[in-house]
Amino acid sequence: MRKTLATIFRFSGGVKRYLGLTVICTALAVFFQFLTPQVIRFTVDCVIGTEKFSLPRFVVDWIEAAGGRSFLRENLLLIAALVVICALLNSLFAFVSRMSAATFAENVIKRMRNTLFEHTQRLPYSWHVENQTGDIIQRCTSDVEVVRNFVSTQLLQIIRTFLLITVSLALMFSMNLALSLVALVFIPLVTLYSALFFSMIKKKFAVCDALEGELTVAVQENLTGVRVVRAFGRERYELDRFDEKNEKYTNSWVRLGSTLGLYWGLGDLATGLQVISIIAVGAVLASRGSLTLGEFLVFVSYNHMLAWPVRAMGRILSDFSKTSVSTARIREILDAEEEKPEPEGKKPDMRGDIVFENVSFSYGDSPLLKNLSFTIEGGTTFGILGATGSGKSTIAALLNRLYDLEEGSGRITIGGVDIREIERSYLRRNVGVVLQEPFLFSKTIGENISIAAPGAKLEEIRAAAAAAALDESVMSFQKGYDTVVGERGVTLSGGQKQRVAIARTLMMKPPVIVFDDSMSAVDLETDAKIRKALREVRGSATIIIISHRINTLLDADKVLVLENGEIAELGSPAELMEKGGIFSRIHEMQSEAVSDLLIREEGEI
Amino acid sequence: MIEEKIEARQRFDPKVWKKLLPFLKPFLWRFVLVCAVTILVALIDIAIPLFQRYAVNNFIVPRSTEGLGPYAVLYLLMIALQAFLVVTLSRGCISIEMFLSRDLKRAAFVHLQKLPLSYYNKTPVGYILARVMSDTTKIATLVGWSLLDIFWCGVFVLGVLVAMLILNARLALLVIAVVPIAAILTGVFQGRILTVNRRVRSVNSRMVGAYNEGISGAKTSKTLVIEDLNCREFENITEDLYRNTLRATRLNAFFVPLVTFFSSLAAALVLRRGGYLVMGGALDFGMLSAFVSYALGILEPIQQMAGIIAEVIATQVNIERVTNLLEQKCEIEDKPEVVEKYGDCFNPKRENWEPIRGEIEFRDVSFKYPDGDEYVLEHFNLKIPAGTNVAIVGETGAGKSTLVNLACRFFEPTEGRILIDGVDYRERSQLWLHSHIGYVLQTPHLFSGTIRDNIRYGKLDATDEEIEAAARLVSADSVINRLEKGYDTYVGEGGILLSTGEKQLISFARAVIADPPIFVLDEATSSIDTETERLIQQAISHTLVGRTSFIIAHRLSTIKHADLILVVRDGKIIERGTHEELLGMKGYYYSLYTNAQLGKARPGESGA
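Protein chains in written order, with our numbering: chain A, 1 to 605; chain B, 606 to 1213.
Hints listed in this document are in silico derivations from the structure and should not be mistaken for laboratory results. No experiment lies behind these values; they were computed from the predicted model shown. It is possible that some hints are incorrect.
[To be verified] Straight-line Cα separation of at most 27 Å, DSSO-like style, residue types lysine-lysine; simulated pairs:
1) Lys630(B) <-> Lys245(A)
2) Lys824(B) <-> Lys443(A)
3) Lys245(A) <-> Lys719(B)
4) Lys457(A) <-> Lys509(A)
5) Lys202(A) <-> Lys3(A)
6) Lys719(B) <-> Lys248(A)
7) Lys940(B) <-> Lys954(B)
8) Lys743(B) <-> Lys203(A)
9) Lys973(B) <-> Lys934(B)
10) Lys934(B) <-> Lys624(B)
11) Lys824(B) <-> Lys346(A)
12) Lys370(A) <-> Lys824(B)
13) Lys824(B) <-> Lys110(A)
Generate coordinates for the entire structure from the input sequences, incorporating the hints supplied.
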């Protein structure tokens, strides 16, 4: 409870006063809401009836001065006006309290969202590898929505209900002790009943949600696998499975609905019992002369006013566990440690030699790189060949400081400077890494290419695209570079995506470019075209190509063959071919497969 | 965004609602019952202030407890009845809601099983899924609850008006005078609230999208050092959301107290006028208190009703979406007499099915795609004897799958006939054909479940031995055994936990276990590791023996072995023959072949 509130309130800096304003205005709104029945009581008892004025001294003096009861009796309009004024003030304060509550809540939520987003951007690479994207997104959206519901609706309701109970009890006790006790008994009973009920059926809700999820998955799989369903003529089988899930889902909701109906019915019964108790006890008290008509009416209307908020209170209380689960899930993200900014870092020339000295790296328990040492000369093309899991991608990640080497497990230098001393953003801007499965943002192709080079001209974008053998395909789209990619636009093939990623990196004009298996979905001819273009645009850049395709590596100056995190072979492609090791064996196998192809198509990943 | 605009223009259209009627029919009696219960509930709600009046007049004012016992019993009975009615009502409502939702979902699902594959080619899965799941749910909730709420509100308001008019017409008129003002205000506000809420939802979905991108693309963002840019863009969205949410709240926060205020105004008027009447002896205290209760209680249902009506109109869009799906034409349907004899896709009459040999003949077939204007096949004739291997060769987008689509009856010829074993396939059921075709796609789709479950999909009653035998036949067993849990390995949704090569091998096993006489295969070209590729090559040669087959082929080793090669270019079949014959023609195939051989000579510089 305390932790949950602390998590929420850490985003409330500067807007806490709105919460204060909310409490004050809600109190005033509640006060004026309760005043209306009091005016009616006064009218019934003291104006129309003949009871003594049971009002504060100065008001009585004031009324007496104006002409007493007879004055009021002739001017009932005054009473009506008083009711209207109460209503007006109630409305006014209710408006202000809702607005200030919303200002508070929306500010807190806006900050929470911004903080979460910024935090995910600053969290280290390894965190994003370890955590599932879908799960993180769900925490940032659904869980935040649960918290938002709490802060923006339930918090106000809790405050209001609390004030309602306090103010009404105070007023009731000031009028009649016995009748107040009747009301007092019902409040905790109804709250408890609601809270118990909702915590009891929470599991049923979860079951319904899970069944709905299963049904959705069944439909989705049927739709995505429709070709398989048709090909095997499995319509009946699919329908039977669907029916079973649909039936289960429906029945679980019908059962839950019956339980809910019981709750509503019993709730109404409780309210009714409360009213009849008030009436019965009231009648007895009135017969003994200790209750006036006006007071009776006030009690009845106060109990009506309390019935719903008290019942809702139980639900809010039981919902609170939902809120605390959600905040805990959010907290897990917030508590993860960000990459630390290093404003003091070095910014050396990046065109020098890249040297790996006794580099070891392990992920969890499994060692990925074992004591690697090699040099990539500045301005050359360096190839790395290795099977899946040989650790080749780790080299790219280390070079970009997506992972940092630990103390004592070797070092990587560029131009003689340990990369851990280089400012991280400077390093990443100068070592352009093209990932195998690049992410494109749902913007236009032009915006995607120039995303890391804001303000680039179209000619520059087209030049980069041309180097990535992409310009032609883009121009064939109706809207050219203004074509939006992703869900709301055109779906690009795996190869096209990779080429956009290459163009995007070229736009940064980095002195070191790393292709981390980033042409795997591009066909061989285009692959060759890109490499040819690269020779022209690279300038003095050092290029590192990681690939499992021999062809791609053939024109590298040097190739490193990696096996189980160790250097298996290292030399120029010609030397490796001659040596007759892994490199030449794979070369043979691949050229056999390649020459078997009659037509090459651009495959998709 | 486009849908938003359509929604904003919505007006009530009875034609749309009429389409729902067939689905409501099974619940007719339930509806009648629920409506009857609703009327009773509303009547009791109206009666409660009158009970209060009785208490005031008979116990409180005369300061007596005489008759309190029977009164309390009666009151208790009434609220017990009310509680019982509420339980019945909500049970009735939820069952209407859930059964309607179930029926709509089922109807959509059944229809989807019959829609042609061309529909799936042009419709995103997310779009269909939304119609099957969320739109049907919305409609059902509306019918089950909201329509009834309107009914309750209507009965209650009307009942209160009648009760007041009967009890005291002059006082009643005071309350009634306020009603239209509140109704008009409600109408004015409701429209604006709806618009603002819609805007909030649209910004909200933009924010969810931004989270999606920011998190999915976090790794890429790091390599490009654009974290700051992302954060700035995101903050713009949350700021926009903040402003719109507050605007929506302001409208609501203004509107709700406003209605409360008018209720109090009505109560004040009643108090003034009624007060004079009581003092003049023309009205009793109980009546006054009952009237005050009515005045305070009548406006809320009106406000509620306005909200629900807006919701009803908004739901029209959901109904249209679902009925559009249900009205989507099945372009390929079996003739009634065919269904009569062979059954439909859900209830096949397998006992009437003829066995199939696998001879396929295209007789004078012309074809154009439903959305195209050009014929891609014209007067095409081809006879494929049973057991023939046909390779289809051509570049990307040349239209290689047209023949396959026609042979599998995923599309039907525009003109001409396709005969299977000498009989027009339209004289047989679709299921008959599909049950006899094995189909392996380049990007194979697996269902979530284990490898074993997926292979069994080809033959539902297969034993474990049969499954393993099928896997062995296509050389998938070595790959499967390498996995930690072997055949019980969970493949994930769509097979996401396996590599493309593994998925392909399993989809081969799935096709082989069904032992189909006709086989359709789309050969893979995407780079898989060299060893798996060999296994797949083996699998292909094993599966084709003794079956009629269509292969969309890329590899010379596959093509050379084919009995017949069809060369496709620009959507048309330009050459046909065996490998040797085609080379002899020195045509397009010949140029493809020589290009490929050149590439082989200089693998390092291919195409450069």
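May I ask which of the numbered hints given earlier this structure violates, with the numbers listed in increasing order?
Result: no hint breaks.
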